[in-house]
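Using the sequences plus the hints, can you model the full thing?
There are 4 protein chains.
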Amino acid sequence: MACSQFEYVKQYETDDRMLPGCWIVLRLDGKGFTKFCELHCFEKPNDVRALCLMDAAAQAVMREFQDIRLAFGESDEYSFVFPRECQLYGRRCSKLVSLVASCFTASYVRLWPQHLPDTPLAATPLFDARAVLYPSDRALRDYLSWRQADTHINNLYNTCFWALVKSGKTNTEAHTQLQGTLADYKNELLFSQFGLNYNALPERFRKGSVILRQRVKHVKQTADGRSKEKERLEPCVLHCDIIRDHFWQQHAELLA
Amino acid sequence: MACSQFEYVKQYETDDRMLPGCWIVLRLDGKGFTKFCELHCFEKPNDVRALCLMDAAAQAVMREFQDIRLAFGESDEYSFVFPRECQLYGRRCSKLVSLVASCFTASYVRLWPQHLPDTPLAATPLFDARAVLYPSDRALRDYLSWRQADTHINNLYNTCFWALVKSGKTNTEAHTQLQGTLADYKNELLFSQFGLNYNALPERFRKGSVILRQRVKHVKQTADGRSKEKERLEPCVLHCDIIRDHFWQQHAELLA
Amino acid sequence: MACSQFEYVKQYETDDRMLPGCWIVLRLDGKGFTKFCELHCFEKPNDVRALCLMDAAAQAVMREFQDIRLAFGESDEYSFVFPRECQLYGRRCSKLVSLVASCFTASYVRLWPQHLPDTPLAATPLFDARAVLYPSDRALRDYLSWRQADTHINNLYNTCFWALVKSGKTNTEAHTQLQGTLADYKNELLFSQFGLNYNALPERFRKGSVILRQRVKHVKQTADGRSKEKERLEPCVLHCDIIRDHFWQQHAELLA
Amino acid sequence: MACSQFEYVKQYETDDRMLPGCWIVLRLDGKGFTKFCELHCFEKPNDVRALCLMDAAAQAVMREFQDIRLAFGESDEYSFVFPRECQLYGRRCSKLVSLVASCFTASYVRLWPQHLPDTPLAATPLFDARAVLYPSDRALRDYLSWRQADTHINNLYNTCFWALVKSGKTNTEAHTQLQGTLADYKNELLFSQFGLNYNALPERFRKGSVILRQRVKHVKQTADGRSKEKERLEPCVLHCDIIRDHFWQQHAELLA
Chain A
-2 MACSQFEYVK QYETDDRMLP GCWIVLRLDG KGFTKFCELH CFEKPNDVRA
48 LCLMDAAAQA VMREFQDIRL AFGESDEYSF VFPRECQLYG RRCSKLVSLV
98 ASCFTASYVR LWPQHLPDTP LAATPLFDAR AVLYPSDRAL RDYLSWRQAD
148 THINNLYNTC FWALVKSGKT NTEAHTQLQG TLADYKNELL FSQFGLNYNA
198 LPERFRKGSV ILRQRVKHVK QTADGRSKEK ERLEPCVLHC DIIRDHFWQQ
248 HAELLA
Chain B
-2 MACSQFEYVK QYETDDRMLP GCWIVLRLDG KGFTKFCELH CFEKPNDVRA
48 LCLMDAAAQA VMREFQDIRL AFGESDEYSF VFPRECQLYG RRCSKLVSLV
98 ASCFTASYVR LWPQHLPDTP LAATPLFDAR AVLYPSDRAL RDYLSWRQAD
148 THINNLYNTC FWALVKSGKT NTEAHTQLQG TLADYKNELL FSQFGLNYNA
198 LPERFRKGSV ILRQRVKHVK QTADGRSKEK ERLEPCVLHC DIIRDHFWQQ
248 HAELLA
Chain C
-2 MACSQFEYVK QYETDDRMLP GCWIVLRLDG KGFTKFCELH CFEKPNDVRA
48 LCLMDAAAQA VMREFQDIRL AFGESDEYSF VFPRECQLYG RRCSKLVSLV
98 ASCFTASYVR LWPQHLPDTP LAATPLFDAR AVLYPSDRAL RDYLSWRQAD
148 THINNLYNTC FWALVKSGKT NTEAHTQLQG TLADYKNELL FSQFGLNYNA
198 LPERFRKGSV ILRQRVKHVK QTADGRSKEK ERLEPCVLHC DIIRDHFWQQ
248 HAELLA
Chain D
-2 MACSQFEYVK QYETDDRMLP GCWIVLRLDG KGFTKFCELH CFEKPNDVRA
48 LCLMDAAAQA VMREFQDIRL AFGESDEYSF VFPRECQLYG RRCSKLVSLV
98 ASCFTASYVR LWPQHLPDTP LAATPLFDAR AVLYPSDRAL RDYLSWRQAD
148 THINNLYNTC FWALVKSGKT NTEAHTQLQG TLADYKNELL FSQFGLNYNA
198 LPERFRKGSV ILRQRVKHVK QTADGRSKEK ERLEPCVLHC DIIRDHFWQQ
248 HAELLA
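Chains as they are written, first to last, in this note's numbering: chain A, -2 to 253; chain B, -2 to 253; chain C, -2 to 253; chain D, -2 to 253.
Please keep in mind that the hints were generated in silico from the structure rather than gathered at the bench. Note that the structure is a prediction, hence the values are computed from the model and not measured. Misleading hints may appear alongside valid ones.
Because identical chains share one entry, a pair is satisfied inside a single copy or across any pair of copies.
[Claimed, not checked] With a cut-off of at most 25 Å between alpha-carbon atoms, the simulated DSS-like pairs for lysine-lysine come out as follows:
| hint | residue 1 | residue 2 |
| --- | --- | --- |
| 1 | Lys92 | Lys28 |
| 2 | Lys92 | Lys7 |
| 3 | Lys28 | Lys41 |
| 4 | Lys204 | Lys163 |
| 5 | Lys214 | Lys32 |
| 6 | Lys204 | Lys7 |
| 7 | Lys227 | Lys214 |
| 8 | Lys28 | Lys7 |
| 9 | Lys32 | Lys92 |
| 10 | Lys217 | Lys41 |
| 11 | Lys225 | Lys204 |
| 12 | Lys217 | Lys92 |
| 13 | Lys7 | Lys183 |
| 14 | Lys41 | Lys204 |
As structure tokens, this is what we get:
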């Protein structure tokens, strides 16, 4: 029962290393989350507990993979940005895609009880992942802008949709009323009919979550029992605009 | 904040559909499991609870992805076989690789307390995954034979190694004694020095785990309260030789 | 001016080796041949000189690349079949695609004066090439059947089209008359209106060209001046059905 | 004999579009040119007729493919640079690789009699091609610098080697004498032993050929018979340094 006669099958493995010198964006996306949300009675349009759990799982991923430069999340998706010069696993696509999906999902399950203590996990959450390469800083920023613009558009729609449904409309009626309408109409609808100022809603809902590594002070016990304040880099969650230049000027190290 | 000006970034996504007409093997592998095993004090050379947890996670994957024809697992790795004609997610590599890694890891974490009730999960288990295509039945069988031969070789070595270590040798001494020795020497060592007949060890350790879908009887309650026996296909774990023809003759449907 | 500081750019080269164990089909296709044919006043619907030149260029490719098992050509395209176990250039796609395109085009230009002695070559003929993998014999045969069925369909249409045009119709009228018609209609049209029995047309036009390596006798001069008959394998052009089993039974070595 | 039952084989064709936003470098390389040079008695170390033929073939390629921004050639190789935003054939790798190889080879054969009028073409010249992507301007420039530094190193070596061989040494002796020596040694050898000032050799040999599109005046006949001077862009061959910044400052449009 020697291995050697069968080892030729390794030749069928293909090299999937990604082009050097490009930003690697790894986007995770929940599979079948509409059903998953219903099963666990997530609040509509946004369940803050579920969003915080997503953020916490993403932070766990960033602690595991120190190469990740920043992350952006909304709803049931998260994008992780690896730098141009990243050599993790030789930039092999399957390695990165599977490990990040594995780490995110495991963290999601492990951290669930902290974030939804009263809701037992009743199904296996699944996330797919894909890797996309961006050769220029402009393309990377436009990718992130695309996701944040999407957050805004979806959230405005969903806020209107669920306001209408909670006010007694059917899903179909709500959908029909909103179809093809512009942002102004939706803002006005929320304000005049539901007394909601859209821009006063939490930034988390309107802008999604950005995770950066920032210096955080923490207290460390020294050998002789005294406590000492130290600093370390920790992945921190922000809810701010990443489309305009301001953010990138403030965090110039991200594209450096 | 329209999406449209940024949507061009979708053009950077590449098509990673895998060649039709080939068997797809998706192999998962634990990341850093040496450390993970030590952290949770897994028994050496084989922890039957941990192996059963691997099998249970693999069964969960097979329940989620009905396309999977069979699976083979050993130690901290598992291979899943998708049939030639499989069209799941258009055969997109990243989708399959990430979802199977996600499902396996989530199941591993969820099922942990059932299999290791007295050992709290103290770290995030991670599994990477890769997809390999095999154009012929012969190549697929040789792949599975390769993994099972590997199971045997590793297990014989580990059984000797840990017997020596438990008898008082250091890791280095045990390794040195075994280096370059043949199977006969190791079998004889186990028998003469430790009274162990290697072939009498559990097949799970020597042959790994095969998972097939088999007809299983189950009792179903009918509407009027009577119970009725029904059959359904369930992923069942076997520990048997898959290198010789016998297995493939008995389960001719696997390659059909 | 040392090379070493720039050599890192080699890391950007990607590995494009094709999956082992599959048939490799390399299909060449003339670029802009409608215009090229007009420029050189090729006869319509088939110019036997131009078709023979295609065949001769394909034979030159088969003499250069001994791995090629067989070839099939029609009109301005040619497909070359490399066997499953082929290791030429490590199965690197770009190498095979470019070299076959290069060899075919160079041969086409070099052999032109032999086949069209009265027509000076007035433009550069261009051929693109692509590689496609077929994991099973069935898929390979179906590929070749697809090309031969295409030959038949195009030739029947073109024969009708040019008969109508030569009889005085405009291109548009001819096209309109034929659009959506079945084979029976076209056969009847040729017979009743132009006295042409389609099945009596040269097989080269109706079935395309197959190139196989066959034993050919040739006379060799020995050292003492006598001539001696020897045999060698030469790429030979046939015009026969390759869709039905008969051809493959007669040439069982092709798929062996 | 319908096509439809066989058309499924098209599904085996894979999408090989190259990542947008990157420079595409297509490098052609002569196959077996050592033998090809001997067969045609090319002058050593450089045959100016053969180098001019390479340049002319590359110019023909640039006339055919207007997307090509610039080209660099030396010895039996040529690199063609397509811009980041190039959409030719949807950036499909096989299309570009095969068509450029086809066009270059055809042009080489067609233009041969003009450049080597007394030497009949006695074998089929073959060129392979590969595509490499460069995400940044820096990487593209470093690629071109790598090729030009290679030109210099090879030419200095070859100039010494053939001087030694022509002076009576065997190939092996010449090779042994040069092995591991630095540029200074080789310059000194040429000067002291052969009276050759390396830097006075033609720039074509020392720096290779760069092809750019430049405005060229040409005379056009107007409808009424008068001649009128016009300008058009023509691929022009230069022999100059492309490693230092000067060239790129002078031709800022190349990277714009």
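Alpha-carbon proximity between Lys225 and Lys204, which holds within one copy, between copies, both or neither at 25 Å: Cα proximity of Lys225 and Lys204: none, with 37 Å in one copy and 54 Å across.
At most 25 Å between alpha carbons: which applies to Lys217 and Lys92, within, between, both or neither? neither (35 Å within a copy, 43 Å between copies)
Classify it for me, Lys32 with Lys92: is the Cα-Cα distance of at most 25 Å met within a copy, between copies, both or neither? between (29 Å within a copy, 19 Å between copies)
If the cut is 25 Å between Cα atoms, do Lys28 and Lys41 qualify within a copy, between copies, both or neither? Classified as within: same-chain Cα gap 18 Å, cross-chain 37 Å, threshold 25 Å.
As a check of your reading, is Lys28 near Lys7 (CA-CA no more than 25 Å) within one copy, between copies, both or neither? Between copies, since 20 Å is at most 25 Å while 31 Å is not.
I want to check one pair: Lys92 and Lys28. Are their C-alpha atoms no more than 25 Å apart within a copy, between two copies, both, or neither? Both. Shortest intra-copy (20 Å) and inter-copy (10 Å) distances satisfy the 25 Å Cα cut-off.
With identical chains treated as interchangeable, where does the CA-CA distance between Lys227 and Lys214 reach 25 Å or less: within a copy, between copies, both, or neither? within (6 Å within a copy, 62 Å between copies)
How do Lys204 and Lys7 come out at 25 Å by Cα distance, when the copy is not named: within, between, both, or neither? Intra 46 Å, inter 20 Å, cutoff 25 Å: inter-copy only.
Is it within a copy, between copies, both, or neither that the alpha carbon of Lys214 lies no farther than 25 Å from that of Lys32? neither (41 Å within a copy, 29 Å between copies)
For Lys204 vs Lys163, is the C-alpha pair at or below 25 Å within one copy, between two copies, both, or neither? within (23 Å within a copy, 58 Å between copies)
With 25 Å as the alpha-carbon cut-off, assign the pair Lys41 and Lys204 to within, between, both or neither. within (17 Å within a copy, 50 Å between copies)
Alpha-carbon proximity between Lys217 and Lys41, which holds within one copy, between copies, both or neither at 25 Å: neither (41 Å within a copy, 36 Å between copies)
In this structure, the hints that do not hold are numbers 5, 10, 11, 12 and 13, in rising order.
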